[in-house]
Each structure stands twice: as C-alpha cells, then as structure tokens.
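Enquirer: Given these sequences and hints, build the entire structure.
First residue of the sequence shown? That's 752 in the working numbering, and the numbers climb one at a time after it.
Errors might be hidden in some of the hints.
[Claimed, not checked] In the DSSO-like style, the derived pairs of lysine-lysine whose C-alpha atoms are separated by at most 30 Å in a straight line are: (1) Lys775 with Lys958; (2) Lys753 with Lys1034; (3) Lys804 with Lys958; (4) Lys919 with Lys806; (5) Lys919 with Lys754; (6) Lys818 with Lys806; (7) Lys958 with Lys815; (8) Lys872 with Lys1034; (9) Lys806 with Lys754; (10) Lys754 with Lys918; (11) Lys811 with Lys958; (12) Lys753 with Lys806; (13) Lys754 with Lys872; (14) Lys804 with Lys818; (15) Lys753 with Lys872; (16) Lys918 with Lys811; (17) Lys775 with Lys1010; (18) Lys872 with Lys806; (19) Lys753 with Lys1010; (20) Lys919 with Lys872; (21) Lys918 with Lys1010; (22) Lys818 with Lys958; (23) Lys815 with Lys918.
Simulated from the structure, these hints should not be mistaken for lab results.
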Amino acid sequence: MKKQGYFLTLLSAVIFGLTPTLAKITYQLGNNGITMAFLRHLIVIPILWIMIKIKGYSLKITRKQLKDILCVGIIGNALTVILLYTSYSYIGVGSATVLHFMYPLFVCLIYYFYYHQPLGKATLLCLLLATVGITFFIEFNQSSFLGMIMALTSGVFFAYYIVGVDKKRLGSLNPYVLNFYFAISIAGCILLIGGLTRQIQWVLPLKVYGYALVIAILTSIIAIICLQQGIKYIGGSRASIISMFEPVTSVIFGCFILKEQLTILKIIGSILILGSILYMIIKEENHD
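Expert: Written as structure tokens, this is what we have:
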C-alpha cells in the first residue's frame, strides 16, 4: 500500500502544481486568488453531490466527524488559502510560495512535539534537502514583514490540515463525502471573509468560469482525494515531503504553458527536491 500512497501523493503534487498556471491565465482576465479559491470550492459542491447520489453513498456523519471536518476544513484549508493569496499583495508569489512550503517542517514538528512521534534519520535528511531546495525558488524583490508572516502562517495552518486528516482519521471517511463537506465549509468561510473584504469578483468573462470548473475538478476532487489517500497510506510526514514536488511542477508547467523563465537556481532546487523524494522512497523500499 505504501507504493500506492507514494504514487497518489506525487500525483496530487503534479496536479496541484498545474493549477496555478491555469489560475494565472484567469488573473489576466480580471480574476483574483480569493475569487478563484471560492469558485473552485463552490463549483465542486453540486458535482460531488451528484457523484455521491449516483454511487449511492450515504451523507450521514457523526457530530464528532462534522466538528472535525469544520475545524480541519476552515482552519486547515480556508484560512490557508485566504492568508496565502492575501500575502501576494505584499510580497512576490515566488517568495510567498517558498514560505508556505515550509509546512512540511511544521508537520514534522507537530508530530514530534505534540504526538511524540519519532522522526527517522532518513525522514529528517529528506526534509532538510527538500527545504533547502525550496529556498532556491525564492524571488528576491520587494517584500514586507506582514506579507512574510501571512505566507508563513498559511504553512502552519496547512500543516494542521495534513495532521488533522491523519490523526482525526478523516481519511477513513468516504473521500467524496469528506470533500463534499469540506467544500461547503471552505466555500462558506471564503465567501464570508472575501465578501467582507470585497475581494470576490462576481462579474467575470465566461472563460474564467470554464477555467474555474477545470481547476475545481482537478484540485477539489482528484488532487485532494489523492493527497488524503496518500496520507492514509504513508502518513502525514512523508506525504508533506513528497508534496514539496508541487513547486517543481509549477515551474515546469509555467515554462511550457506561460513561457516563464527557468533559472539555474530553480533547476538546482528542483534537483534537490526530486533527489530527497527518490531517496526517501528507495530507503522505504530497502527497509521493506
């Protein structure tokens, strides 16, 4: 099952890495990050509902499960998106992404200090290599302390999401049902905050909604289910390290689709991240 877990987590990272490129196309058409995050979760609600009804799954969950879903969905996902996208107004997207992707470090710290879960030498080495690799993606431009704090805090909240899905046993729920409730809670939270801050754009070209539909299916159904199942099979620590492949795929898709520049530093960072992932998988195979 570990091989399946590694594959699903890596697939989720590739898909999550593709969607920022698609989102950037919509920004040129008048869209923004908060609106895209809201649309992505709103659109997927009826799609998931139809899939659940067709497959005959039950929507019944316990009060404890509902409480856990609301906590993990709002704190771990909605606030992550809001803080990360808001930080783009203060610092560069690249710098914000780097700070956000410190979350695997926070995941390991939560497991170690709160759950007293020991970290193996291989995991620590992979985490160190991948974290160093992430820093090669930073953009040295104008930045602000507030923006940096927002981006870094988004990583802390996403670490809570990773650990929450694992330790609260949410991965044991039917993935379609779980993400149906996640989508409702996240869309509601973003609507409230985005509405109060007037960041949600309601009048947009039809093409934007088309891209939003594609992104919703890719991220809020396929990628997120792959990630949740990956966490279930290999644990949050390993899944968070493999997820650091996401910015690598973002760079690749950005180069091919948006014709963005590929720098030597980004190539070095990509090699370090890919190397750390391969090393961890090989170590696990030898251990088994």
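Enquirer: Look at each hint and say if it fits the structure.
Expert: Going down the list of hints, with the structure as the test:
{"no.": "1", "hint": "Lys775 with Lys958", "in the structure": "holds (13 Å)"}
{"no.": "2", "hint": "Lys753 with Lys1034", "in the structure": "holds (12 Å)"}
{"no.": "3", "hint": "Lys804 with Lys958", "in the structure": "holds (29 Å)"}
{"no.": "4", "hint": "Lys919 with Lys806", "in the structure": "holds (25 Å)"}
{"no.": "5", "hint": "Lys919 with Lys754", "in the structure": "holds (23 Å)"}
{"no.": "6", "hint": "Lys818 with Lys806", "in the structure": "holds (25 Å)"}
{"no.": "7", "hint": "Lys958 with Lys815", "in the structure": "violated (40 Å)"}
{"no.": "8", "hint": "Lys872 with Lys1034", "in the structure": "holds (11 Å)"}
{"no.": "9", "hint": "Lys806 with Lys754", "in the structure": "holds (27 Å)"}
{"no.": "10", "hint": "Lys754 with Lys918", "in the structure": "holds (21 Å)"}
{"no.": "11", "hint": "Lys811 with Lys958", "in the structure": "violated (36 Å)"}
{"no.": "12", "hint": "Lys753 with Lys806", "in the structure": "holds (27 Å)"}
{"no.": "13", "hint": "Lys754 with Lys872", "in the structure": "holds (20 Å)"}
{"no.": "14", "hint": "Lys804 with Lys818", "in the structure": "holds (23 Å)"}
{"no.": "15", "hint": "Lys753 with Lys872", "in the structure": "holds (19 Å)"}
{"no.": "16", "hint": "Lys918 with Lys811", "in the structure": "holds (21 Å)"}
{"no.": "17", "hint": "Lys775 with Lys1010", "in the structure": "holds (12 Å)"}
{"no.": "18", "hint": "Lys872 with Lys806", "in the structure": "violated (43 Å)"}
{"no.": "19", "hint": "Lys753 with Lys1010", "in the structure": "violated (36 Å)"}
{"no.": "20", "hint": "Lys919 with Lys872", "in the structure": "holds (26 Å)"}
{"no.": "21", "hint": "Lys918 with Lys1010", "in the structure": "violated (41 Å)"}
{"no.": "22", "hint": "Lys818 with Lys958", "in the structure": "violated (37 Å)"}
{"no.": "23", "hint": "Lys815 with Lys918", "in the structure": "holds (13 Å)"}
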